[in-house]
Amino acid sequence: MSEPRIIVLMKEVPDIDLVTISDEGRLERENVPSVADPFCMMALGHAIRMKKDMGAHVTAVTMGPPHAEGMMRRCLEYGTDEAILLTDRAFAGADTLATARALGCFLKGQNYDYVFCGVQATDGDTGQVPPELSSILEIPIYSYVSDIDLTDGVRMTQMYEDECLVIDAPPKAVVSFIRYPETNIPLPSMTDFIDARKKDVTVMNAWMLGMPLNMIGSKGSRTRVTGIATVLKRKKEPVFIEGNDVSLAAKEILKEVGI
Amino acid sequence: MSGCSSGSCSSGSCSSGSCSGGSCSSGDCDSTLPPGILAAYDLEQDTADGVLVYIENDGRSIHPSMKGLLGKAREISSGRVFGILFAGVSGKSLYDELFSCGVDTIYHMRNSSVKEFQPVTYAEAMADVCHRVGPASILFSATPQGRELAPLVAAKLGAGLTADCTGLESDGRKLIMTRPALGGNILATIACDTFPQMATVRPGTFPDPIPEEGRRGTAFSRPYKTVMEKKVVSKERYTGKDDITSARILISLGNGIRDRETVDRAYELAERIGAFVSCSRVLADNGWMPYSSQVGQSGKTVSPDLYIAFGISGSVQHMAGLRAKRIISVNKDRDAPINGYADKVIVGDAKHIIAAMLKSLEE
Chain Y
1 MSEPRIIVLM KEVPDIDLVT ISDEGRLERE NVPSVADPFC MMALGHAIRM KKDMGAHVTA
61 VTMGPPHAEG MMRRCLEYGT DEAILLTDRA FAGADTLATA RALGCFLKGQ NYDYVFCGVQ
121 ATDGDTGQVP PELSSILEIP IYSYVSDIDL TDGVRMTQMY EDECLVIDAP PKAVVSFIRY
181 PETNIPLPSM TDFIDARKKD VTVMNAWMLG MPLNMIGSKG SRTRVTGIAT VLKRKKEPVF
241 IEGNDVSLAA KEILKEVGI
Chain B
1 MSGCSSGSCS SGSCSSGSCS GGSCSSGDCD STLPPGILAA YDLEQDTADG VLVYIENDGR
61 SIHPSMKGLL GKAREISSGR VFGILFAGVS GKSLYDELFS CGVDTIYHMR NSSVKEFQPV
121 TYAEAMADVC HRVGPASILF SATPQGRELA PLVAAKLGAG LTADCTGLES DGRKLIMTRP
181 ALGGNILATI ACDTFPQMAT VRPGTFPDPI PEEGRRGTAF SRPYKTVMEK KVVSKERYTG
241 KDDITSARIL ISLGNGIRDR ETVDRAYELA ERIGAFVSCS RVLADNGWMP YSSQVGQSGK
301 TVSPDLYIAF GISGSVQHMA GLRAKRIISV NKDRDAPING YADKVIVGDA KHIIAAMLKS
361 LEE
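Residue numbers (our numbering), protein chains in the order written: chain Y, 1 to 259; chain B, 1 to 363.
Since the hints were derived computationally from the structure, they do not count as laboratory data. Here a beta-carbon is modelled for each residue, glycine too, at the ideal position from N, C-alpha and C. It is possible that part of the hints are untrue.
[As the list claims (entries may be wrong)] Some but not every residue of chain B turned toward chain Y, in silico, with C-beta under 7 Å:
1) LYS156
2) LEU187
3) ILE210
4) VAL232
5) TYR291
6) ILE328
[As the list claims (entries may be wrong)] Here are the computed distance ranges between Cβ atoms for each label pair:
7) B:GLY274 x Y:LEU187: 40 to 50 Å
8) B:SER90 x Y:ASP192: 29 to 39 Å
9) B:GLU261 x Y:THR202: 46 to 56 Å
Using the sequences and the hints given, assemble the complete structure.
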């Protein structure tokens with residue numbers, strides 16, 4: 001197979017590791033920076049590897065607020081050929097179906113062999129957009145992919161709950177990646193950096209994509225959040241065991257185990 | 001909307017349930033819109049009733065999470081409970097169990113050429129059954145299979161779907177779903193605008209129902225056709241898999257573990273005391289532990305009787321996946337967030353305490 005065209009879907013999320021809970025049980029989200037979702041970074045890593053190994057053409061795409069342009073710039077620095085930001089107020093408030101529809105409208109007009117994405121994003125954890133998108137585009141979905149093998153066509157390893165499958169994955173398809181420690185994103189080289197400076201992030205809105213406004217954003221959504229409740233976690237008063245006697249501590253734990 | 005209530009709307013001429021404004025009633029948007037948007041079924045809204053459940057199975061037994069889900073489906077259904085079962089002839093042996101858990105009607109989908117879980121094929125067949133049955137709600141277990149299949153069906157039906165619910169209630173035919181968000185600190189209540197209403201449900205959320213022995217129901221056997229079949233080159237079942245979700249005792253390792261040897265020792269210890277080993281995200285990210293052993297929002301939800309946390313700080317992320325009856329925290333930091341949830345806190349170094357436990361077991 002020669003030079004596949006890959007579109008990588010990126011998402012910017014709040015760095016959830018830095019979100020803390022106040023003593024009143026409120027979430028402290030102020031000043032938490034946005035980062036590229038780690039699952040998306042897996043997808044980007046595989047795409048960049050395919051670019052370096054077999055000359056794939058890689059386009060990174062995100063749907064998000066205008067400030068996501070920074071993340072898209074970094075995608076260019078990692079070596080993507082193009083970076084596209086879909087931004088419009090009309091996209092706001094979309095549930096997974098409306099998101100998939102908007103992305104579907106964009107992809108319909110693109111020439112691609114694979115759509116790479118993370119299996120889910122760390123902010124919502126729904127994992128629904130990739131299959132919904134594949135259904136809308138009427139192409140197969142390969143979920144939970146941990147690795148790609150290019151020696152004999154394109155083969156992918158899928159990790160289900162209790163079995164792993166190696167499958168033939170001919171184009172066109174949506175592929176969602178899980179995080180797997182063996183995959184590292186090739187670090188950008190100096191030339192990638194310099195090349196990135198010559199490129200621009202393409203910004204597109206709903207009008208340019210010819211999207212019917214009643215299908216996207218909150219209007220196109222079929223689910224509504226009707227209520228939000230903060231879960232006040234029960235705070236405990238634990239028994240503290242201190243001191244330097246590790247064998248005492250060890251016995252204390254083993255007692256709990258029942259030994 | 002009931003513009004097109006029979007069969008599938010294959011062409012753009014039918015304003016599917018998804019475009020309420022009807023802007024795509026003219027043919028021109030066929031060219032700019034992806035085909036799957038237009039090919040949505042328009043389920044009859046007034047008569048949709050009952051609950052359809054996807055029965056995950058391996059041909060011999062149903063998935064452990066199914067019973068609890070079926071029990072809940074029975075409880076919330078205003079009408080019948082339908083089960084859709086993809087299995088070979090051997091699937092018949094599951095009927096009695098399904099009926100006893102509350103299923104009224106089984107759609108046993110059979111195609112002898114399908115050996116594996118084929119998401120696109122299954123989704124197509126399910127959409128077909130949905131059209132015939134007209135359920136008010138469709139439920140899946142939020143397993144890897146369910147989480148892949150449900151969105152495919154949802155997009156086909158143009159239906160709203162809520163992921164990974166931990167609560168389901170009904171108000172007549174309306175489904176009220178709750179799911180944790182932002183690391184489990186917020187519970188969002190979600191409703192769908194149209195029927196069918198769809199949800200995947202976190203495994204182990206609802207208790208198994210008391211089986212009603214001898215309860216009968218109806219089973220239909222139906223063939224289905226394959227669509228975009230996935231070509232499987234090889235298949236491997238995980239052997240000796242530590243399923244941390246079923247563990248009674250978990251030894252869990254976090255950022256406080258600074259060398260790989262301690263990880264090995266923890267496995268040794270686990271074997272001695274009949275526990276499984278899990279971890280927080282850091283250890284999965286650096287490759288010392290598999291992601292399948294990660295507890296937390298982006299990992300698994302565990303509910304052991306005893307959770308022994310070694311060097312785990314207790315981030316919002318991590319705590320979202322933890323429902324232990326009892327927590328012991330071993331941490332150098334007296335003020336680590338996890339200590340606020342622990343029953344017992346041992347202030348000390350995880351490495352030394354693991355070693356001391358092994359030593360004490362030898363004595």
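Hint by hint, here is what the structure shows:
no. : hint                            : in the structure
1   : LYS156                          : 6 Å, holds
2   : LEU187                          : 5 Å, holds
3   : ILE210                          : 27 Å, violated
4   : VAL232                          : 5 Å, holds
5   : TYR291                          : 6 Å, holds
6   : ILE328                          : 6 Å, holds
7   : B:GLY274 x Y:LEU187: 40 to 50 Å : 44 Å, holds
8   : B:SER90 x Y:ASP192: 29 to 39 Å  : 54 Å, violated
9   : B:GLU261 x Y:THR202: 46 to 56 Å : 50 Å, holds
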